[in-house]
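Chain residues, written in single-letter form:
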Amino acid sequence: MARTRKPELGVCYYPEHWPETIWADDAQRMVEMGLSWVRIGEFAWSRIETEPGQFEWGWLDRAIKTLGQAGLKVIMSTPTATPPRWMLDRHPDMLAWDAAGRPRTFGSRRHYDFSHAGYRDEAVRITSILGSRYGRDPHIRAWQLDNEYGCHDTTLSYSPVARNAFHSWLEDRYGSIDALNERWGNVFWSMDYQAFDQIELPNLTVTEPNPSHAMDFRRFASDQVVAFNQAKVDALRPLTDAELLHNYMGRITDFDHFDVGQPLDIATWDSYPLGFLEDRSDRDDAFKYAHMRCGDPDFQAFHHDLYRAVGRGRWWVLEQQPGPVNWAPHNPAPAPGMVRLWALEAFAHGAEVVCFFRWRQAPFAQEQNHAGLLRPDGELSEGGREITALAAELDRLPGDELPPARVAIVFDYASQWAWEVQPQDRQFDYFRLVFDIYCGLRRAGLAVDILPPSANNFGDRDLVFIPGLFAWTDALRGVMQNFTERTILGPRTGSRTEDFSVPDDLPPGLSGITVSAVETLRPEAPIELAEAGSLQIWSEQVSTDWVVLERALDDRPVRLRQGTLDYWTGWPDAKALDRWIAQLCEEAGLAMAHQSGSRRIQRIAQGHLAMDYITSQASFIE
Amino acid sequence: MARTRKPELGVCYYPEHWPETIWADDAQRMVEMGLSWVRIGEFAWSRIETEPGQFEWGWLDRAIKTLGQAGLKVIMSTPTATPPRWMLDRHPDMLAWDAAGRPRTFGSRRHYDFSHAGYRDEAVRITSILGSRYGRDPHIRAWQLDNEYGCHDTTLSYSPVARNAFHSWLEDRYGSIDALNERWGNVFWSMDYQAFDQIELPNLTVTEPNPSHAMDFRRFASDQVVAFNQAKVDALRPLTDAELLHNYMGRITDFDHFDVGQPLDIATWDSYPLGFLEDRSDRDDAFKYAHMRCGDPDFQAFHHDLYRAVGRGRWWVLEQQPGPVNWAPHNPAPAPGMVRLWALEAFAHGAEVVCFFRWRQAPFAQEQNHAGLLRPDGELSEGGREITALAAELDRLPGDELPPARVAIVFDYASQWAWEVQPQDRQFDYFRLVFDIYCGLRRAGLAVDILPPSANNFGDRDLVFIPGLFAWTDALRGVMQNFTERTILGPRTGSRTEDFSVPDDLPPGLSGITVSAVETLRPEAPIELAEAGSLQIWSEQVSTDWVVLERALDDRPVRLRQGTLDYWTGWPDAKALDRWIAQLCEEAGLAMAHQSGSRRIQRIAQGHLAMDYITSQASFIE
Amino acid sequence: MARTRKPELGVCYYPEHWPETIWADDAQRMVEMGLSWVRIGEFAWSRIETEPGQFEWGWLDRAIKTLGQAGLKVIMSTPTATPPRWMLDRHPDMLAWDAAGRPRTFGSRRHYDFSHAGYRDEAVRITSILGSRYGRDPHIRAWQLDNEYGCHDTTLSYSPVARNAFHSWLEDRYGSIDALNERWGNVFWSMDYQAFDQIELPNLTVTEPNPSHAMDFRRFASDQVVAFNQAKVDALRPLTDAELLHNYMGRITDFDHFDVGQPLDIATWDSYPLGFLEDRSDRDDAFKYAHMRCGDPDFQAFHHDLYRAVGRGRWWVLEQQPGPVNWAPHNPAPAPGMVRLWALEAFAHGAEVVCFFRWRQAPFAQEQNHAGLLRPDGELSEGGREITALAAELDRLPGDELPPARVAIVFDYASQWAWEVQPQDRQFDYFRLVFDIYCGLRRAGLAVDILPPSANNFGDRDLVFIPGLFAWTDALRGVMQNFTERTILGPRTGSRTEDFSVPDDLPPGLSGITVSAVETLRPEAPIELAEAGSLQIWSEQVSTDWVVLERALDDRPVRLRQGTLDYWTGWPDAKALDRWIAQLCEEAGLAMAHQSGSRRIQRIAQGHLAMDYITSQASFIE
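Protein sequence lines correspond, in order, to chains R, F and B.
All residue numbers for the first sequence refer to the UniProt record's numbering, where the first residue is 1 and numbers rise by one.
All residue numbers for the second sequence refer to the UniProt record's numbering, where the first residue is 1 and numbers rise by one.
All residue numbers for the third sequence refer to the UniProt record's numbering, where the first residue is 1 and numbers rise by one.
Please note: incorrect hints may appear among the correct ones.
[Stated by the list, open to error] Within a straight-line C-alpha distance of at most 35 Å, the following computed DSBU-like cross-link-like pairs (lysine-lysine) qualify:
1. Lys-288/B x Lys-288/R
2. Lys-6/F x Lys-73/F
3. Lys-65/B x Lys-6/B
4. Lys-288/F x Lys-288/R
[To be verified] A few chain B residues that don't get close to chain F, going by computed Cβ distances all over 12 Å:
5. Trp-86
6. Leu-95
7. Lys-288
8. Glu-367
[What the hints assert, rightly or not] Which chain B residues stay away from chain R? Per the calculated CB distances, all over 12 Å, these:
9. Tyr-14
10. Arg-90
11. His-91
12. Ser-176
13. Pro-211
14. Ser-281
15. Ala-286
16. Asp-504
17. Ser-511
18. Glu-550
For the record, the hints were derived by calculation from the structure and aren't laboratory data.
Using N, Cα and C, we set each Cβ at its ideal position, and we do this for glycine too.
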């Protein structure tokens, strides 16, 4: 899987923001800069349908023609992330509600509830109308559906509309209220229901709600995004042969991206390395300071690998940070060369296209401090200059397909929801657990693939990690059992049933190991290992007949093995993790880059093709 | 007062959570483990009264019979902490509202407003029905009323129902609105009312409400708990000869436990040493780290002593932590031996019974990570093994009555409310002030009794402390004046009238001392004393004709004495406190344990009988 | 401008709080203490108009007469900050709403929405009635209108009433909804409106609202305060010849004080040095610890200078802290001599009158821990003793007019709002930027004048600073161009148009400089300069043909000059600022006090007349 053509560049453009008189010049400059793709239309609904049923096509027709005739491939967007103000008159209850029980009002974007059937129909309507008009336009080569699902915490809504939709979803899942009571264990605190419509959303309860209740709400919310997206795909697919895609965000885990991505052709994401470092990273201040102008290289890399999986090999960066942004707590400028380097990093991970956000910095409204390739006055920005240079280098990049990595990690969105519902320790976070292991593998110079929990097989790999999995499916257990190389499990893997109960035979659901108790640990109180490193945050007490590979100083078993399976009873810190990975690599005959003296050469040999550029530019990234 | 029979053990059990087929085996195992008591029924309402008026008695009859015939004494509970969902259809306005003005919804527990008359009637109704059915059952030896009043911040409700009830309460207290205006001082900011029903609850005001207003709301809220409990006692008492009790919690001070406990026979509490350390302790991180597996010994001890006072000598632990829990920010496992040790600590403070929560870890719903004596699969847990061993040791424990301690502290819930209403410094907290002095006395190896502010006399004691008392009553002042040994007062003692005004002759309401000004202190800025230690947080400027025992470096009087009374003008840090206590002990001829080389032997001599066990097990507790 | 008569002292008094029998004695003691002014009536509405239309004049008539005949000049207040409870029955929707969407209820003070027309009429009504009765009373020498506008975050209200008023305000400003859409740039995210009444207040949006939208709401909110005040001035002015004033607070910037102050005769403010240090200062803990008993001298000084500008030269302190207060996180006592010293500091800055809050400490209601000149029992407090001594010294103080300072800073409330709307970095705050420069000038021993952005000219000065100005007006640009001495601009000066857009020719709107990009900086990551110091928080990338006076280590231009204008491209830390100010002073021939060895003498030479007193008392102020 992965890229089968030469890398390409593109840009996000909003013709409705600028006088029509400059469109042609803009288009020509894009082409001259070496850009191939231009995305338009994502927030233009109020200028397309000025009143309900009243359309203004002229400007959009001319914009597409101008861009297309200049030689650009156009990505058309459905503008459903920004319904016009008149939409609220038609659907006054379409707004999402926050967890405090308040409607989230008009005045910015993403002001809709995914579960609102009336708005879903409107979204399908405008999608169909746009598809009918432009679906066969030869300039339109791809369609972006909506924009950044889930951004601004918009997956979860606590509105009355969502409450009603949740009742239907529960009825579909459980059939009868008695079955729900039984599977949720509502007897626990006299929480039995007599009817589905008695069930509240799980916010504002006196103390924590039943985790089965909370977990089903999370599944429901994810399913609403899936259904919203699917309805639009269904409307658009018959009207166009262009590829359909969505632009995901960084570290948004409230909906299952594998499910949303299923009917789409390509996964894309919006990569803001500096913004994400300040706003969405668990790294400490020292790390953030050291990386304030380059971002966390592993954060981008993880998402590149994740969305390559979501796109079943096909993925783009649809918005790449081109300079300082406006939305993080601190917004420094990228180091010289970084904008180019980020693009190369994406290509090294198999991106087909990297687009920049945005063409010209907007002097008005919410993002006026967000850099573009051009300054507001039309001059090239620093980022614009770098991209101009980069475009000239594209021919040097290979277009070969990326081979599978020797190592993979299963990433399961449901596990994120489960452990948000039931963290058991303030520090526990599923994304952080997976990302810790990912970073350990990167420190070892290994390329990594992400696998969905629905993978049919683990492929031709040497090591597959399944940390923190909420609940086994028979299918995943079967895939693991059929895998002849090593699978590393734990901590917390398989610790609950799908109904969010402790399994009858106790976790982890593997023959020969029983997790008899769990404890979580203050930051100052790790479990020291006999060799370097320690367990942090999470430690399990097990009884087992597996081989104990390693014990802690207090003698508790830490690493266990039986056949192809390893089980880790706790969350290793970086020292322990590095040691364990080194040992696994040695056993598997996997060369680690830092052993051979050049992890980057090793990575390139594994298909991360542009890392030589990165090395030459960014010796400060370590 | 205190224990007059051999210590006993027990456990909390939820037969409705498990197949009936295993009840008999469970009961037999309990007996074999050495348990005497089993508590049931506290959350079972939805399985007892499945629809309004529709009762399912069979399972409960059989559960009681099974447990009782196995030789267990049964504690029956009224299930009023978890009204079934159908109750909300009958009383849609029965939910409490939070301080932000939002109903706290169904889906967990304690979802009722104490001031809702309709729900109070329902609680009486189910209590009467249960009492009628089981009040004379020979297996039922005690009744628990409701569960953990006030837990999850449920004492204070800001609902319209509470607002109306508050109006009636105020009318009862003041008679006329003019009297209220006068006694609250509403002239201050034109806050005069014309009628009681104009008065809002004191949340959401523009800036702080009148402290008299806020204080009355706190009294009202406490009185609602008292009345709710009293109504159930009144219903149950004629129907049974078994003992009535309630299980209080740790560091819940929103209602007056002395008042609630007045009509009950026994005070019990739910002791979770590790959970409370992480969740409800003011200790610093270093202390928490050092005690993460044993808890704060003084925290348990304080509550043992407090609830011994609430129970007028009779008290139990009704829920004791048996292993890791699920609800604190970090949830480590107890050190080996701690579960047994905590039980012994309780017995040493005079507990009659220690019950563990719970029998078998529940694999479903909110507490699935809360350990029991059995694991979810029925095997003994670590805690279960310790309790099995402990039960065999019970015969070695004495059953003698606990003599009064030589030292006592008056603990006044109203003072907690008052200084929450008017802290005057971010750090000021009445519980912390009292607990600081308690810990100082414990460091000195002294046993301590807690006294209610309504005590008729201070008894045969050498030292009585009354720190931070909000307002004198004539009765308490009289008790103090009749006490021939030493009373230590201050800081902040007697600084307000019952109406929450400064007394006409200024605090502290003692002849010969006038507090002319008060200042509060940044953490970095204590008032250094001439000898070791300093004042922190709070310091009073006084004019006095008492003897000045000690002055600060800046010459301000710190400790004053006249006759049997001492007055402290500030909040001593640990160094100063230890020094002052040592001096008081010396004057009183009280031997301090650490002076004699063995504080624990000293404590045992004072009636803390099981501390030898503690010492032998827990050399790490210091 | 400034003081033209001998300094005077006064006090705030609430006759309605005390028995009429002690008024005469109180008045006599005030006079004997040396006080000339007494303020009354500000919270007395419920005792003046006990029911709607039912007035009780007797007590107030007698109180004025008693005070006036004792020789005191009376400041009468309109009691509109505390409408009685019955007012809510007449205007149930008069309450302001908080940003979370909740009404802010009755029970304290300032419980009204500035935009409520009905309440505004009521405020005019009571003002007219009071003016008619007392406007020509010879004892009434000044009127205070309302009390502390904006205190307790009351400028901004998110009520339905405010929403409607905002629509009218917008319609007045923009004329048509199309014009608003165009000038706000609502095309950006399909935010176009079809009608004014569709526009929500900018709270509770899904993500940040359009900054133009948020900024207009801030302007609207300020205008409501201005209009409320103007309506009362209009009612009162014809009825009295006494002077009209308002008492502002410290660091309240939600409304434009220059606009509010325009129709008033005198600006006064309420100075609580210790409370403000703990509650409203950006200083770090070390600074707060060092100044915990004296306050931040520059904080008082800044506000003295600010309100001297607001009062067009005429200003008072109307409430001065006399001892510990009740409302800060920590409330220490002032150092001995400080109460007197604060008064002298105010006189040194040109205050005509300093009044103390309050006469006698109130034993009831919200401020019972707030010191007065008397204790609650009528004895002199520490502060009272100092004031008695101070009064005897007043004759030694000069009454000369204060000459203009050589240095001035333009302070623009709109810039505060703008950068709250769009901080671009968590640390950016306009007040802090201005105050940093002010403190640098104070460290240099310079007296400073504050100028409004509407100043007609910069006067006879050597240096004028305009940091962080949101948007140029033609008038201000003209004043600057006509100024023949040096103006120092930047950072962020002139970076937006009045519509909150980036100017077409990019900031700062000065010929020859273009800010091409902006970055903001983590606290650990300043831009080091080649000489001492660094840029923090904010740094601009510029292209320019101005002379570059200084570059950072990484070569970025930092200080630029052309003709009379300097431009700073970033926010200097204290070291850089001191160095730059020293250089500017040297160039301007301005002697810095610390250069001449005695900054205080220098200050006195510049008109800060009482600083010798300060020096002698407070060697710890540096």
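Quick rundown of the hints versus the structure:
1. Lys-288/B x Lys-288/R: Distance of about 29 Å is within 35 Å: holds.
2. Lys-6/F x Lys-73/F: The hint holds at about 15 Å.
3. Lys-65/B x Lys-6/B: Holds, at about 25 Å.
4. Lys-288/F x Lys-288/R: 29 Å, holds
5. Trp-86: The claim breaks: Trp-86/B does not keep its Cβ more than 12 Å from every Cβ of chain F (closest is about 6 Å).
6. Leu-95: 8 Å, violated
7. Lys-288: 7 Å, violated
8. Glu-367: The assertion about Glu-367/B is violated, with a minimum of 8 Å to chain F.
9. Tyr-14: 39 Å, holds
10. Arg-90: 29 Å, holds
11. His-91: The assertion about His-91/B holds, with a minimum of 25 Å to chain R.
12. Ser-176: Consistent with the label, Ser-176/B stays out of reach of chain R, its closest Cβ about 15 Å off (over 12 Å).
13. Pro-211: Non-interface label on Pro-211/B violated, nearest chain R Cβ at 7 Å vs cutoff 12 Å.
14. Ser-281: 22 Å, holds
15. Ala-286: Correct as stated: the minimum Cβ-Cβ distance to chain R is 20 Å, above 12 Å.
16. Asp-504: Given a closest Cβ separation of 7 Å, the condition is violated.
17. Ser-511: 15 Å, holds
18. Glu-550: Given a closest Cβ separation of 20 Å, the condition holds.
In this structure, the hints that do not hold are numbers 5, 6, 7, 8, 13, 16, in rising order.
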